[in-house]
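Going by the numbering used here, the first residue of the sequence shown is number 640, and it counts up by one from there.
If you're looking for bench data, these hints aren't it; they were derived computationally from the structure. Check before you lean on any hint, since a few could be wrong.
In silico SDA-like links for lysine to any residue, alpha-carbon gap of 25 Å or less [claimed, not checked]:
1) 914 x 897
2) 736 x 705
3) 791 x 897
4) 852 x 836
5) 915 x 835
Treat the numbers as computed from the prediction; the structure is a model and nothing was measured.
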Amino acid sequence: MQPVTCNLKFVTKKSLMMKKYVTLLIILLSCKLLQSQNNIGTIEINQDYTATLNFSNNIEFVVIGNNPQVGISTDSTPVYRYYGIFKSGKTVVLRGKDPLSPQTSLTIKLENGVIYFGILKYGADTKIFYDFSGSGNHMQKDSIAEKATDQKVIIRNLKSVLALENEYVEGIEENLLEVVVSNIRNDDRYTYFKISIKNESGNDYVIDNTTFKYVEGKNKGLFKKGSKIEEREMIVYQTENKTIKANSTSDLGYVIPLFAVGTSTGVLKIQFIEKKGTRDPGIELKSKTMLKVKTI
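Full structure from sequences and hints, please.
Structure follows, in structure tokens:
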């Protein structure tokens, strides 16, 4: 019987080639993974200023490191302690709820596998809109030119909404005032309102302040006794007319960041505060109404 032999040199070469292929594959996968990760830096938000993040693909999930869940809304949407998360399609809106909110991590994964990560904190150095839908995958830096261009677009779009024929959306009559939301429109960044106020009294109605506030309904189950969650929306731009003369009607225009509805039970409250008076009419727009808003 002859002894069994093998070509050790061939086996060694084959093994080395396999190792090289495996190493190359690991490197390629690592490069792909690194390319799909994007550091978005630090995002600051507070109770008055939200951050709207727009992406190129639908969002799969949003995770905030230190943001314990404190309840569940009536439509099974989680309610969180420090930061509110409102996600719809390619857009997510983040809100700061508590000045004592801790600085923590933020991770957003898109359905195409791209991951964005950064730091989220409560603070005053806020930026309203972040656009990650371009090819660069980097934060757009604020500049005087960008702000000027943005302002022109806002004014132009609001004028077009104010020029639309009135479509009754919601209204209220009280204290000889008839307040009607005549039109609402969205673009990719903002929500525009045309609000008509008819003053049937003999006194001028002078508006001191207008507020937009999102209010979630009370929770069911274990947290049914919890108080409603309120988030104030910042007014980006508004028309200058604040006085509705006696026995006259005026159209007012308001622009807020693109409004993403959080729950089916939530409402958007619009409140008008009279200067040196007590006529403070308020209108509530249900979530289902906001979901049907047309685009410009």
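A quick look at each hint next to the structure:
1. 914 x 897: With Cα atoms ~28 Å apart, residue 914 and residue 897 exceed 25 Å; violated.
2. 736 x 705: Given pair residue 736, residue 705 holds - Cα atoms ~13 Å apart, limit 25 Å.
3. 791 x 897: holds (17 Å)
4. 852 x 836: Since the Cα atoms of residue 852 and residue 836 sit roughly 19 Å apart, the hinted pair holds (cutoff 25 Å).
5. 915 x 835: holds (21 Å)
The structure fails hint 1 only (numbered hints given earlier).
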